[in-house]
Amino acid sequence: MTARTIRLAPEVRTAMQSLSAAAKRGLGDPALAELVQIRASQLNRCAFCLDMHVAIARKEGVSERRLDLLAVWQEAGDEVYDERERAALALTEAVTVLTDGFVPDAVYETAAKHFDEAELAHLIALITVINGWNRLMVTRRIPPGGPAW
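The numbering of the sequence shown is the working numbering, which starts it at 1 and goes up by one.
Think of the hints as simulated: they come from the structure by calculation, not from any bench. The C-beta atom is built at its ideal place from N, Cα and C for all residues, glycine as well. Hints are not guaranteed to be accurate.
Restraint-style ranges between C-beta atoms, simulated for each label pair [as the list claims (entries may be wrong)]:
1) Ala-112 x Leu-43: 20 to 30 Å
2) Gly-146 x Lys-59: 34 to 44 Å
3) Arg-141 x Ala-106: 18 to 28 Å
4) Arg-13 x Asp-105: 27 to 37 Å
5) Leu-19 x Arg-84: 31 to 41 Å
Construct all of the structure, not just a fragment, from the sequences and the given hints.
Below is the structure:
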């Protein structure tokens, strides 16, 4: 399948890149940031973002086992993903899917136990921006390794 268009408005690209960078910095955990972005990209079926963030995760030292089991993190157990990571992944799924039209209070409260207010704000921003990127790439059908802009 070929891309529908490779055009992305430069000011949109710049704003999205800035938001992504700020969210990652504020979260302060590069490996977790990549796991969150990979999980959202899996849910959104964004091959471009999935390909890119898996490569970045490897550079950040995320093990192949953790990458392999990310799609089934809930069943993988505490020895693969710690409580903080599990809370972030649950929040990622809740924000990405919005099954009932909102993020359940229990999911939010669990995340709030593991992240201080600033970290939580950055985590939510990171989840939001990767969902935006996923939608931009999926809509344009940008393939893995294809032109991002």
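Range hint 18 to 28 Å (beta carbons of Arg-141 and Ala-106) holds or violated
Once the Cβ atoms are compared, 36 Å apart, the range 18 to 28 Å for Ala-106 and Arg-141 is violated.
Holds or violated: 27 to 37 Å for the Cβ distance of Arg-13 and Asp-105?
holds (35 Å)
Confirm or reject the claim that Ala-112 and Leu-43 have a C-beta distance inside 20 to 30 Å.
Holds - the Cβ-Cβ distance for Ala-112 and Leu-43, about 22 Å, lies within 20 to 30 Å.
Do the Cβ positions of Gly-146 and Lys-59 conform to the proposed distance bound of 34 to 44 Å?
violated (20 Å)
Cβ separation of Leu-19 and Arg-84, checked against the hinted range 31 to 41 Å
Given about 23 Å between the Cβ atoms, the range is violated.
Against the hints set out earlier in the document, violations occur for numbers 2, 3, 5.
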